[in-house]
Amino acid sequence: MGGKKTMTLNLTEPEMKVLEELSLKKDLSKTAVIRQALRLYQLVDVRLTEGGKLFIESADKNEKAELMVL
Amino acid sequence: MNGDISKVWLVDKKTGGLVEASLYDGITEAHLKDVEKSWMPKLRSELQRLRATGRPHPQSSHWNWRDKVEHMRGLLAYRGFAVVHEGHTQGLMLVKTTHPCRLPIQRGKPLVYVDYLETAPWNQRELVMQPQFGGIGLVMLAAAITLSREEGFAGRIGLHSLPQAVKFYENCGMTNLGSDPSKQGLPYFEMTPEQVAAFLEK
Amino acid sequence: MKLTLTKDWVVRRAALENDIDVAAGLAARHPSIEDSQASVPAPIETRLALGPLVHLTRRKHSLSIEKLAEEARVDLAEVISIERDPSFRPEPRTVFQIADVLKLPAKSLLQLSGNTAVKDEAFRDAAVRFAARSASVERLTSEERKILEEYVAFLSRQR
Numbered sequence: 001m002g003g004k005k006t007m008t009l010n011l012t013e014p015e016m017k018v019l020e021e022l023s024l025k026k027d028l029s030k031t032a033v034i035r036q037a038l039r040l041y042q043l044v045d046v047r048l049t050e051g052g053k054l055f056i057e058s059a060d061k062n063e064k065a066e067l068m069v070l
Numbered sequence: 071m072n073g074d075i076s077k078v079w080l081v082d083k084k085t086g087g088l089v090e091a092s093l094y095d096g097i098t099e100a101h102l103k104d105v106e107k108s109w110m111p112k113l114r115s116e117l118q119r120l121r122a123t124g125r126p127h128p129q130s131s132h133w134n135w136r137d138k139v140e141h142m143r144g145l146l147a148y149r150g151f152a153v154v155h156e157g158h159t160q161g162l163m164l165v166k167t168t169h170p171c172r173l174p175i176q177r178g179k180p181l182v183y184v185d186y187l188e189t190a191p192w193n194q195r196e197l198v199m200q201p202q203f204g205g206i207g208l209v210m211l212a213a214a215i216t217l218s219r220e221e222g223f224a225g226r227i228g229l230h231s232l233p234q235a236v237k238f239y240e241n242c243g244m245t246n247l248g249s250d251p252s253k254q255g256l257p258y259f260e261m262t263p264e265q266v267a268a269f270l271e272k
Numbered sequence: 273m274k275l276t277l278t279k280d281w282v283v284r285r286a287a288l289e290n291d292i293d294v295a296a297g298l299a300a301r302h303p304s305i306e307d308s309q310a311s312v313p314a315p316i317e318t319r320l321a322l323g324p325l326v327h328l329t330r331r332k333h334s335l336s337i338e339k340l341a342e343e344a345r346v347d348l349a350e351v352i353s354i355e356r357d358p359s360f361r362p363e364p365r366t367v368f369q370i371a372d373v374l375k376l377p378a379k380s381l382l383q384l385s386g387n388t389a390v391k392d393e394a395f396r397d398a399a400v401r402f403a404a405r406s407a408s409v410e411r412l413t414s415e416e417r418k419i420l421e422e423y424v425a426f427l428s429r430q431r
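Chains C, L and Y, in that order, are what the protein sequence lines are.
Numbering-wise (this note's numbering), the first sequence opens with residue 1 and increments by one.
Numbering-wise (this note's numbering), the second sequence opens with residue 71 and increments by one.
Numbering-wise (this note's numbering), the third sequence opens with residue 273 and increments by one.
It should be emphasised that the hints constitute simulated quantities derived from the structure, not laboratory data.
You can trust all of the hints, since none of them are fake.
Only some residues are given here: those of chain L computed to face chain C with a beta carbon under 7 angstroms:
hint, residue
1, A147
2, T168
3, K179
4, G222
Just so it is clear, the structure is predicted and the values come from calculations on it, not from any experiment.
All C-beta atoms in this analysis are idealised placements derived from N, C-alpha and C, irrespective of residue type, glycine included.
Produce the entire structure from the sequences given, and follow the hints as far as they go.
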């Protein structure tokens with residue numbers, strides 16, 4: 001983790017737009033957004049691999065839907 | 071796990087002066103073994119003694135350290151830190167980098183969340199008459215903040231304080247968002263970039 | 273990650289921490305059952321039952337003390353003390369781990385070990401009877417097994 005490697009990312013226009021929006025919203029550089037996404041992806045993947053399920057609960061707590069991912 | 075070692079300073083409570091110590095980025099097997107060998111027996115005997123006297127005993131317990139550390143190995147979202155002085159682990163911290171801020175002015179932005187922070191039993195006033203070292207909390211907070219800045223989170227950190235430590239986080243300038251029912255009522259604290267700057271200023 | 277702290281900064285900020293025990297995180301805390309029962313020791317009758325219960329169940333599973341300590345990931349000395357010293361109060365975690373390995377009801381074991389309050393007369397009586405009946409046993413005979421199983425069934429029924 002100490003030494004960093006450089007990679008070129010090829011993104012579509014919509015993807016780039018989302019990246020920029022998130023970057024603005026989260027007050028993060030685009031690189032930081034991608035790194036954060038990677039951390040979250042790995043976390044979710046590990047839990048799902050263990051057999052867990054990912055749910056999103058609505059704000060009023062009345063609805064809970066499974067997020068079919070990965 | 072990064073492997074970096076930084077020079078830090080602790081307060082030697084016997085002399086009141088400072089001593090040099092090391093901050094490790096990454097909790098190693100050696101740290102875990104040391105905790106199991108030197109923290110556990112001391113903690114156990116102190117707790118037995120406190121129970122016997124009927125005194126309310128402290129809120130800290132680290133009997134699931136190894137489990138926690140093993141669970142986070144290889145996961146990018148977790149980072150561990152250890153403060154070591156003369157070969158002995160003086161404090162341990164686990165942080166998570168995927169939590170969002172709750173404070174309205176920074177809601178939704180990422181922060182470094184201190185999942186777990188504890189000092190060795192011989193440093194705790196609730197466990198021993200004469201705690202040996204102080205300043206570990208300061209070092210760990212500074213470490214969490216530094217990590218936050220490195221990750222582009224502008225120094226933002228968050229944590230749930232144990233009741234006896236509330237004053238410390240307030241002293242450091244963190245905002246107390248109140249008791250969190252989802253964490254057994256522990257108060258939740260956050261730090262803004264401005265508070266961070268004030269805390270770190272020379 | 274490299275941290276840069278100056279001696280100066282530490283000196284000036286040391287007062288913030290002073291005599292405070294710094295800690296954070298839910299996992300740094302004892303479980304809440306401990307908090308409420310901290311200063312109430314269990315009556316001797318229930319503590320007399322824990323030792324033989326663990327001892328006989330361990331033997332039923334054909335485990336040595338060392339193997340039990342290893343599987344439960346607890347200190348050997350603690351297992352020995354639990355089995356042989358009625359005045360010894362084990363850590364809640366130790367009780368949980370042992371209950372898990374031996375497939376005994378953890379909640380009841382915590383009461384027997386003195387970590388949580390003992391509920392009622394019937395519980396106490398059953399503990400005393402079990403302790404008396406299980407005293408001085410060498411090999412687990414079918415009689416002993418029956419005594420043990422009856423008692424465990426009773427404990428499992430506790431809410």
